[in-house]
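> With these hints in hand, go ahead and build the complete structure from the sequences.
There are 2 protein chains.
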Amino acid sequence: MIIDIAKQCREASIMTSTMDGQTKNKALKMVAKALKENADAVIEANSKDLKKAREEGLGDALYKRLKFDGTKLSESVEGIESLIRLPDPVGVVQIERELDDGLILRRTSCPIGVLGIVFESRPDALVQISCLALKSGNAVLLKGGAEAMETNGVLADIIIRTSVSAGIPKGWMSLLQTRDEVTEMLSLHDIIDLVIPRGSNEFVQYIMRNTKIPVLGHADGICHVYVDSKADINVAATVAFDSKCQYPSVCNAMETLLLHHDIAGEFLPVIKERFDVAGVEVRGDKEVRKYIDCLPADETDWHTEYNDLIVSIKIVKEVDEAIAHINQYGSHHTDAIVTSDRKTAKRFMDLIDSANVFWNCSTRFSDGFRYGLGAEVGISTNKIHARGPVGLEGLTIYKWTLEGNGHIVADYTGSGLRKFKHRDMRNA
Amino acid sequence: MIIDIAKQCREASIMTSTMDGQTKNKALKMVAKALKENADAVIEANSKDLKKAREEGLGDALYKRLKFDGTKLSESVEGIESLIRLPDPVGVVQIERELDDGLILRRTSCPIGVLGIVFESRPDALVQISCLALKSGNAVLLKGGAEAMETNGVLADIIIRTSVSAGIPKGWMSLLQTRDEVTEMLSLHDIIDLVIPRGSNEFVQYIMRNTKIPVLGHADGICHVYVDSKADINVAATVAFDSKCQYPSVCNAMETLLLHHDIAGEFLPVIKERFDVAGVEVRGDKEVRKYIDCLPADETDWHTEYNDLIVSIKIVKEVDEAIAHINQYGSHHTDAIVTSDRKTAKRFMDLIDSANVFWNCSTRFSDGFRYGLGAEVGISTNKIHARGPVGLEGLTIYKWTLEGNGHIVADYTGSGLRKFKHRDMRNA
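Top to bottom, those sequences are chains A and B.
Just add 240 to wherever you are in the first sequence, counting from 1, and you've got my numbering.
Just add 240 to wherever you are in the second sequence, counting from 1, and you've got my numbering.
Keep in mind the hints are simulated off the structure, nothing from the lab.
The structure displayed is predicted, hence computed values, not measured ones.
It is possible that part of the hints are untrue.
Put simply, identical chains are the same to the list, so a pair is met inside one copy or across any two.
[What the hints assert, rightly or not] With a straight-line Cα cutoff of 25 angstroms, these simulated DSS-like cross-link-like pairs (lysine-lysine) come out: (1) K266 to K276; (2) K291 to K312; (3) K276 to K291; (4) K659 to K312; (5) K266 to K586; (6) K586 to K470; (7) K557 to K512; (8) K304 to K452; (9) K586 to K304; (10) K247 to K557; (11) K586 to K410; (12) K312 to K292.
Shown next, in the form of structure tokens:
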């Protein structure tokens, strides 16, 4: 029963929360070593998955994601090594305050507890996420895609065996096997603190709809670039092209390009030519089609994440119309403005209600590695807890502790009695 | 329709997010002044509510909470004045990082957006919470208890009218009137970012069960005091008594007292005498009843928040049994240990999975005012976002901004190309 595995995981999480940084880094080092030493077993398991995938006619894109070869393994090991170099996110004293003589309040970072992580296809996600969980002192229940079952099984076995032998409490990580187990896991809101889904929009939406546990992540990635009247045409074309074409199938790629009407006439032929060369299908509103020849775009397009070489273009009267459009149709993920006017840029960045708001650079920068977070468990469009790319810090919360020597509240109530000092000794 | 009011609130929230600290403080000052000037109208409205409450046979406790007289009004005004003195929680740059030449990443605090606040009885909660929302730049939909309708109507009218005339965007705050409107509000997960319920456990649980919007708060408050073998008997009796009796009907009062078996014989008669004088009903497990005469406690008691002058007592073999009991039966709210042994205290504080963990002091200190947070919207037992007493900071999240001058991701992919610098300019 999953509930028993989950309860073990919860018990282990109490112990993992107190592990010191040295123990965690030692375990990570041993895991990295074990992965290298067992490369053959991993690659052999992966070829079984790949063979089955071919037989079952898995698409090329999914096949590519499923593949876990020597290069992917090296990248995973490198990821672990960079994780080791990051400071321990647990035990950081954020607030230290003397409430009164001898009564010391501290707010200290601690792990969230038990994470339920569900991901599709990519076996490297298993390595990355379980190691992030380990470093942040969390316990994890993991479930990967059925198509990667053999690879995930071998990887999880290596990580669990090695980490436990390095002193990480038994039961801190478990790999679930079936879809039914995920359904059961999603119902355990008393045991699991946070669910992190990694996969397609439909997959994430399914998870969000089917659990009362908080879910960290994003469903859609409808990102915009707005080219202001005061934009440099070259910068605008470069940024818009990179945002759309550098990797069109990911969440931080641009879907809709908004243009100030004063610049549309000059800009549209330039960007159209670049899009044509790259094979991008352009859809424009009525105004756009006055300047260039393209397919029509309608209301549906503003709502659509193409994840493909398709772009919708709309002309707006002013920055405020662009802001309103983005706040209405966007997914609060990543949106960019191109302008040489600082005031307009500030207004855009202030009023766009998204996790990531950029000025004169590509939406594709929205990523934990590029932000220097070391690694990421995903990008969150939530408006509580962690927003944007989420690294180690997003897997922690804090605990308040208060040390006294017999202090009681009765002494501080009514008039003429003891008063609080509230003297900050440290306040991050 | 509530959806229209909520949409107005969402639009206003975009504007309130950019209000500077001066504007917000000016509005708060004017609200405080207007409340004082309109004291008669508030008190008159409240007497109507009180008269109706008497006619309908409202209990004494609820009647007392409903009462909003000159003293309560002064306290509310004082609360606003202390809020004015707190720094603006919005616009704080938490991270500033040079990703590469001219490519600057910033993480800046911003309001959450639209808060849905539902509270029972106490009209002072309306003043406190709407002013916290204003100071943190959030927009709010509020719904108070039907029994306080007249008072809430007048208070909301004063706050809305005054704040809008002080320059806060129209629509930033609305008062809902009926229960049906709350049901509708709880369904608007695309518009409302966070729900904060204030009221009885049943009320909070009802809200939590009936919305997909994140809920900040706690349902139960099953708090413990554990008296270790190395406790000073006087300190233990003082802390246990204050934790139970100083205000027994609130969430941070102790419900269960755990005793190390080595100290039980000496401690039980002492605390029993104090509890007897205060009229506390004592329920003990089999071991406890070997030392003192009291009612029996069973499994149900460990799960129960009495909110009354009742205490359950259990004897444990060691600190780890106390920790296991608290993590199993507690509500992860506030738990305390009394011991003179630092090592045991540390183990307890490390392993107890609660928002607030105390050493040698009363559980009753668990409170935003006592912590020096200025004011609180409630105490959260959530494990993401904000935990423990939640003040202004808990009503904010952050936004990532990135400024470049035409930077694109294509320049940073593949080998031999540009590398990120990730130079921290500021890191809180």
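> All hints are to be evaluated individually against the structure, with a verdict given for each.
For each hint, the structure was consulted:
When the C-alpha separation of K266 and K276 is checked against a cutoff of 25 angstroms, the pair qualifies only within one copy, where the shortest distance is 16 angstroms, while the shortest distance between copies is 63 angstroms. Proximity of K291 and K312 under a CA criterion of 25 angstroms is satisfied intra-copy only: 18 angstroms inside one chain copy versus 74 angstroms between copies. Within a single copy, K276 and K291 get their C-alpha atoms as close as 23 angstroms, which meets the 25 angstroms cut-off; across copies the closest is 77 angstroms, which misses it. Taking the closest pair of Cα atoms, K659 and K312 come within 25 angstroms of each other only across two copies (20 angstroms); inside a single copy the shortest separation is 60 angstroms, beyond that limit.
Within a single copy, K266 and K586 get their C-alpha atoms only as close as 45 angstroms, which misses the 25 angstroms cut-off; across copies the closest is 24 angstroms, which meets it. For the identical chains of this complex, K586 and K470 are intra-copy neighbours only, at 14 angstroms inside a copy versus 60 angstroms across copies, given an alpha-carbon limit of 25 angstroms. In this assembly of identical chains, the alpha carbons of K557 and K512 lie at most 25 angstroms apart only when taken from the same copy (20 angstroms versus 76 angstroms across copies). Neither within a single protomer nor between protomers do K304 and K452 lie at most 25 angstroms apart by alpha-carbon distance, with minima of 33 angstroms and 36 angstroms respectively.
For the homomeric pair K586 and K304, neither the shortest alpha-carbon distance inside one copy (41 angstroms) nor that between copies (49 angstroms) is at most 25 angstroms. Taking the shortest Cα distances, K247 and K557 sit within 25 angstroms of each other only across copies (23 angstroms), while inside one copy they are farther apart (57 angstroms). Taking CA atoms no more than 25 angstroms apart as the test, K586 paired with K410 passes between copies only; the shortest distance there is 22 angstroms, against 51 angstroms inside one copy. Proximity of K312 to K292 under the C-alpha cut-off of 25 angstroms is restricted to the intra-copy arrangement: shortest distance 20 angstroms within a copy versus 72 angstroms between copies.
Hints 8 and 9 from the earlier list are contradicted by this structure; the remaining hints agree with it.
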